[in-house]
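Combine the two chains into a complex, taking the hints into account.
If you read the protein sequences in the order shown, they are chains B and P.
The numbers in this note's numbering rise by one with no breaks, and the one at position 91 of the first sequence is 91.
The numbers in this note's numbering rise by one with no breaks, and the one at position 81 of the second sequence is 81.
Think of the hints as simulated: they come from the structure by calculation, not from any bench.
You may find that some hints are simply not true.
[Stated by the list, open to error] Chain P side only, calculated, beta carbon under 10 Å to chain B, not exhaustive:
id : residue
1  : Ile176
2  : Phe181
3  : Arg184
4  : Thr199
5  : Ala203
6  : Leu204
7  : Ser314
8  : Arg322
9  : Ser365
10 : Ile368
11 : Tyr371
12 : Leu387
13 : Leu397
[What the hints assert, rightly or not] Restricting the straight-line Cα-Cα distance to at most 20 Å, the calculated cross-link-like pairs of lysine to any residue (SDA-like) are:
id : chain 1 : residue 1 : chain 2 : residue 2
14 : P       : Lys174    : B       : Arg24
15 : P       : Lys178    : B       : Phe30
16 : B       : Lys32     : P       : Asp179
Glycine included, every Cβ here is placed at the ideal spot set by N, Cα and C.
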Amino acid sequence: MIDFFLIYFLCLLGFLHICFSMSRHQQQVFQKVLQEKYNIWYLITGYSILVIALALSIYQWGKSIGICYWIGTLSFAALLILWLLSYYPIHLKLVNQFSRVIILALLVFNLLA
Amino acid sequence: MRIDGNTESPRQSMSWLHTWASLILGWLLYAIFVTGTLSFFQNEISIWMKPELHQSINRKDQSQQLQSAIVYLQQNAPNASAWNINLPNARSTTTDITIRGENEDPRARRGGDRVILDSVTGEKLQPRETRGGSFLYRFHFELYGLPRSWARWIVGIATVLMFVAIISGVITHKKIFKDFFTFRSGKGQRSWLDGHNATAVLALPFHIMITFSGLLLLMYSLMPYGVSALFPEGRLHFLQAQRAQLNGETIRSVEFASSSQKLDSSKRNGHGEGEKGRLNKERSRLEVKNVPLADLTAMLAQAQKLWGDNTVASFNIISPNRQNSEVEIRATYSESILNRAIVPTLIFNGVTGELISQPQQLKISFPIGIYNTVTVLHEARGVDLVLRWLLFFSGILGTIMVASGLILWCVKRAPQQQKQGYKNFGYRLVEVLNIASISGLLIATAGYFYANRLIPVTTENRSFLEIKIFFIVWLLTLLHAALRPHRNAWLEQLLFGAILFCVIPLLNALTGGRVIWSSIAEAQWVVATFDLMSLALGMILLFIFYKVKNHKVAGIHKTKKNINLESAAMRGEGQ
Numbered sequence: 001m002i003d004f005f006l007i008y009f010l011c012l013l014g015f016l017h018i019c020f021s022m023s024r025h026q027q028q029v030f031q032k033v034l035q036e037k038y039n040i041w042y043l044i045t046g047y048s049i050l051v052i053a054l055a056l057s058i059y060q061w062g063k064s065i066g067i068c069y070w071i072g073t074l075s076f077a078a079l080l081i082l083w084l085l086s087y088y089p090i091h092l093k094l095v096n097q098f099s100r101v102i103i104l105a106l107l108v109f110n111l112l113a
Numbered sequence: 001m002r003i004d005g006n007t008e009s010p011r012q013s014m015s016w017l018h019t020w021a022s023l024i025l026g027w028l029l030y031a032i033f034v035t036g037t038l039s040f041f042q043n044e045i046s047i048w049m050k051p052e053l054h055q056s057i058n059r060k061d062q063s064q065q066l067q068s069a070i071v072y073l074q075q076n077a078p079n080a081s082a083w084n085i086n087l088p089n090a091r092s093t094t095t096d097i098t099i100r101g102e103n104e105d106p107r108a109r110r111g112g113d114r115v116i117l118d119s120v121t122g123e124k125l126q127p128r129e130t131r132g133g134s135f136l137y138r139f140h141f142e143l144y145g146l147p148r149s150w151a152r153w154i155v156g157i158a159t160v161l162m163f164v165a166i167i168s169g170v171i172t173h174k175k176i177f178k179d180f181f182t183f184r185s186g187k188g189q190r191s192w193l194d195g196h197n198a199t200a201v202l203a204l205p206f207h208i209m210i211t212f213s214g215l216l217l218l219m220y221s222l223m224p225y226g227v228s229a230l231f232p233e234g235r236l237h238f239l240q241a242q243r244a245q246l247n248g249e250t251i252r253s254v255e256f257a258s259s260s261q262k263l264d265s266s267k268r269n270g271h272g273e274g275e276k277g278r279l280n281k282e283r284s285r286l287e288v289k290n291v292p293l294a295d296l297t298a299m300l301a302q303a304q305k306l307w308g309d310n311t312v313a314s315f316n317i318i319s320p321n322r323q324n325s326e327v328e329i330r331a332t333y334s335e336s337i338l339n340r341a342i343v344p345t346l347i348f349n350g351v352t353g354e355l356i357s358q359p360q361q362l363k364i365s366f367p368i369g370i371y372n373t374v375t376v377l378h379e380a381r382g383v384d385l386v387l388r389w390l391l392f393f394s395g396i397l398g399t400i401m402v403a404s405g406l407i408l409w410c411v412k413r414a415p416q417q418q419k420q421g422y423k424n425f426g427y428r429l430v431e432v433l434n435i436a437s438i439s440g441l442l443i444a445t446a447g448y449f450y451a452n453r454l455i456p457v458t459t460e461n462r463s464f465l466e467i468k469i470f471f472i473v474w475l476l477t478l479l480h481a482a483l484r485p486h487r488n489a490w491l492e493q494l495l496f497g498a499i500l501f502c503v504i505p506l507l508n509a510l511t512g513g514r515v516i517w518s519s520i521a522e523a524q525w526v527v528a529t530f531d532l533m534s535l536a537l538g539m540i541l542l543f544i545f546y547k548v549k550n551h552k553v554a555g556i557h558k559t560k561k562n563i564n565l566e567s568a569a570m571r572g573e574g575q
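Chain P on its own, in the form it takes in the complex (with noise of 0.2 Å):
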């Protein structure tokens, strides 16, 4: 019931809701898609932010890989406490090694000194000082510039409204099943609303995962109580229960204070020896002698033997050079998605080579299971590259909708604003915003990629100019479509940034990054797809704009300046 006594079907209540939840953070959230999307290839972007990167390739040799790797820390860091090796794979075209000196936890998951290796000539490279792609990644849920809980909330509240969207919309939907494979082009609003329809309910399942996901990994900020009156030492105790639990130990809360590293000495020795184990090592670790390490190549055979197209990723080495050290050697992509990307697992005597111990299988509860599956497939935690790539094409799907959503709120708008007239401020201000967000925040990006390649690598704070030239170019887009009529608006906007996108592989090989042919005949599809991706936007971006270009207003939607050319030519005409 309505407050002018009219009744009101469910469909037609579900329509008001879907039009003004999703318009009053709309823009926001096309943001959020768009920097999200491109995060499921964060690497990538970063490694082609780092040009000095692009010299080293991958040959695929991995044992060559790994001893240039050894070579490396016995000359540098032969006493450190543990040694990361992150071998080049298919998302990564250097080995990246963290050294965690003497006195550092061994196993911390932060920290350490970062070196990158040449994977060919294990010579150190020096990259220059940039966010790269977690700066796109970090706004897409953090934004910038503002208090890290706030701006979680703002996600947060988006995220909601982007849940009571997709909801409304498949009420108001009125055949999704009749009108499933439906888009009629060529007819104005009704062509925007099936295209609207096409991307949400074909892609409907992801736009389900990411958004339910995205409210999930938001979770501990935005229902923190719960959590911090079972744990009131903080948030850190609670994770290390919860990958305990996983691990199938009981809970035992008051001793997690130093417990990470208990609990994984006792899992590995096993046969509740854990308090016996943890002390053994203890001793063993005052007593340390220097032993030579074992042959690593070997054991990277003996798992690449096991794991088959699952190449090897890492390798962790702890205590190297000493009697009680370990290797662990890890895989690139895991075997499931029900737990949080634990990947197919091997552990090594440092000293004598011999296998200690198997990967072993989790107990992961119902709700447990949940959380996990759709916060790594938001998060493309160790899935593979096909897998990522669908996953991107289905937020690319997910920012059309958002985008011709938008759009079609003002073309439903437009044959009554032309009537009256003029516009009015609040349509007015929808259209500037769908402009300034959908190809501003484009052109922005493509400016942040520019901004990294121009401004000369020996400047100061440089990253931090890199994020202002993003921002200064999308407030200058805004600028632009406020004081331009809507029409020439958009045409410019996108001529412009197809521009800004097709030059981007000459950007990329006039500052020093590989050059197209070269990086697709050595293989280096980690900068390749980057170009080549740069070029397809920029193109799109082009046939978009001239799509625009000849777009005829037709019949009712006929503008003030075709009336009155028209009038004029049948005044022309009687004459």
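Next comes chain B alone, as it looks inside the complex (with noise of 0.2 Å):
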């Protein structure tokens, strides 16, 4: 359980760093449009950590069921953002925010277990 919390917050960091590099997302997040260079800073980012969880899923799971839940998991991460983006998407900077945190603890938790 602890595991797939991991790679879904993961999921939902890579998502909210691709989300962030789109102008249209930046509008409704930072209320104004980003300089050029962070877009592609956001986007590789972004790809990274998805990329990353895949990654971890695979160790985690096996191959095939690895990829499994990191595809799963990918669904559910960006409803999430979908969902806050459509209600609350100044929010999504707090989200951002959290999501670290919770990846955090949760690799330290994991690590000292």
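Put into structure tokens, the structure is as follows:
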């Protein structure tokens, strides 16, 4: 269960970065369009985090089941962002911070346990 | 190029295909999606529908559960040819036993006498007669009351249309990546389209997997000729050959008549001694002596230690109390979905208690790997609970996708219908069928659960009666939708469905099930989750009810009644 949440929040963080790289959503979240250089930074970081999530879930559950976990988790990470973006766009900044903290906490917990 | 000579872009033609291919069997697809999604929790639904089983609690002490099962078996069936013991797990509350009589094939896949034991007391439980979740499961690919092959063909055609809809939908969608996170709420048709797109795109891998594997699972019904040409004796021989190939044996199609057992024994003896081993085995079966069974708890401990989190699921004890007895222990979850849920297995000698064989690596070809991966996911075989929930929620997304698509068809055509002042027959038909399938099926499912609890246990043919009520309720929702005005029909059915589902936990407690605080306290999640999910569904329906109720018909979407009211108000102001 803990591993699942780790993957979930990683996917969430990854998708948030991809979302922040799009000017339409920047307007919604930050109320302004960011500079071009940030777009690429957000995009690359976002995809990298998703790849890390994939690697972790393969490490955790093996190749075949790990990929299934990752794909299933991706759907629901994106769904949460979609919902928040429609109704509480400003709060996405908080969600971003929150998922970083959660990921750190889960990583520390995993290393200790 | 169209008939009228105008050129048409690929996207436009795909859009046409998407609209009409989806509409024609959309309602059937919705029903398949709903019942299929529920089938991920078929066991749980069946257990909820047999409240006699709620008294049994999984105390997680497997050696005690095993002991009480063995005590029962030694007393009641010491001479059986095989005992199969399924210990309680996260998805069942009871110890389920299958006993095979003295002359039965000990490794048969079906048949045998089933006994259900209270996992704590070892007492035999007698559940009520019901089809339980298996009715919903069967319905999602064989419908009901139709000849099996007909029904499978109908579902097969619906599945093909679903596949067409997915592919044409992806092509029609203008900006998959740009609109990935986009949902614009409160904007009428735009919002419906966004919602339809979001549920489709976000779970696209799931939709493709479930549709493609649905076709593969039906392929022996839809394309039987290849198999029947190669295996004129019947499909059973084909399946045996397939299994043998998976186990790394060469195919000798002539010998498959009695092969399953033969292959199994030769596999176990190994080193090319198959034939000799079989002869020995047959000889020994003729002169069996009664020998006490080895200590099963020691084997259990060994398996538990080896598998860790992957709990021991079942014991298969072949020829118990005899000198040739063997014990197979299986784990709950498989470690890969490339093979069809072949879970880790240990085989012990049933007399001496020593380990005979370790799990072996299977050879899987690429096409079989694809077939296995998608079909195992479709059936959620041997997958753990978290992945099962992911599949379940993805199924819900698919259900919403189909439902929103059906509604979108109407929303898109509503302005034109209002302009002409009356509703076309076709439009009205879609409206009515939408209500009767989308909310009607949910009400019918609730009706099935209510029938299960309210029909007296002693009634004859009660499982048939339950199913009858399911269809009667469904038919009534259709009548209701046809007779009432569109908006009222939606509101009334949504509210009725919401009440039905919200009351289910109460119904459970009042009709012999375990009450929700007790099932939570005893960690009987199988029952608790059913109650909680019903409550959640009821709340969601209530939420939708209020959304629809407070929905203001805006601008061009004015209904006749509103226009009349408004003009009346204006006249009032004027005076």
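Hint by hint, here is what the structure shows:
{"no.": "1", "hint": "Ile176", "in the structure": "violated (12 Å)"}
{"no.": "2", "hint": "Phe181", "in the structure": "holds (5 Å)"}
{"no.": "3", "hint": "Arg184", "in the structure": "holds (7 Å)"}
{"no.": "4", "hint": "Thr199", "in the structure": "holds (9 Å)"}
{"no.": "5", "hint": "Ala203", "in the structure": "holds (5 Å)"}
{"no.": "6", "hint": "Leu204", "in the structure": "holds (8 Å)"}
{"no.": "7", "hint": "Ser314", "in the structure": "violated (21 Å)"}
{"no.": "8", "hint": "Arg322", "in the structure": "violated (39 Å)"}
{"no.": "9", "hint": "Ser365", "in the structure": "violated (15 Å)"}
{"no.": "10", "hint": "Ile368", "in the structure": "violated (13 Å)"}
{"no.": "11", "hint": "Tyr371", "in the structure": "violated (13 Å)"}
{"no.": "12", "hint": "Leu387", "in the structure": "holds (6 Å)"}
{"no.": "13", "hint": "Leu397", "in the structure": "holds (7 Å)"}
{"no.": "14", "hint": "Lys174(P) to Arg24(B)", "in the structure": "holds (16 Å)"}
{"no.": "15", "hint": "Lys178(P) to Phe30(B)", "in the structure": "holds (18 Å)"}
{"no.": "16", "hint": "Lys32(B) to Asp179(P)", "in the structure": "holds (19 Å)"}
Violated hints, in rising order: 1, 7, 8, 9, 10, 11; the structure is consistent with all others.
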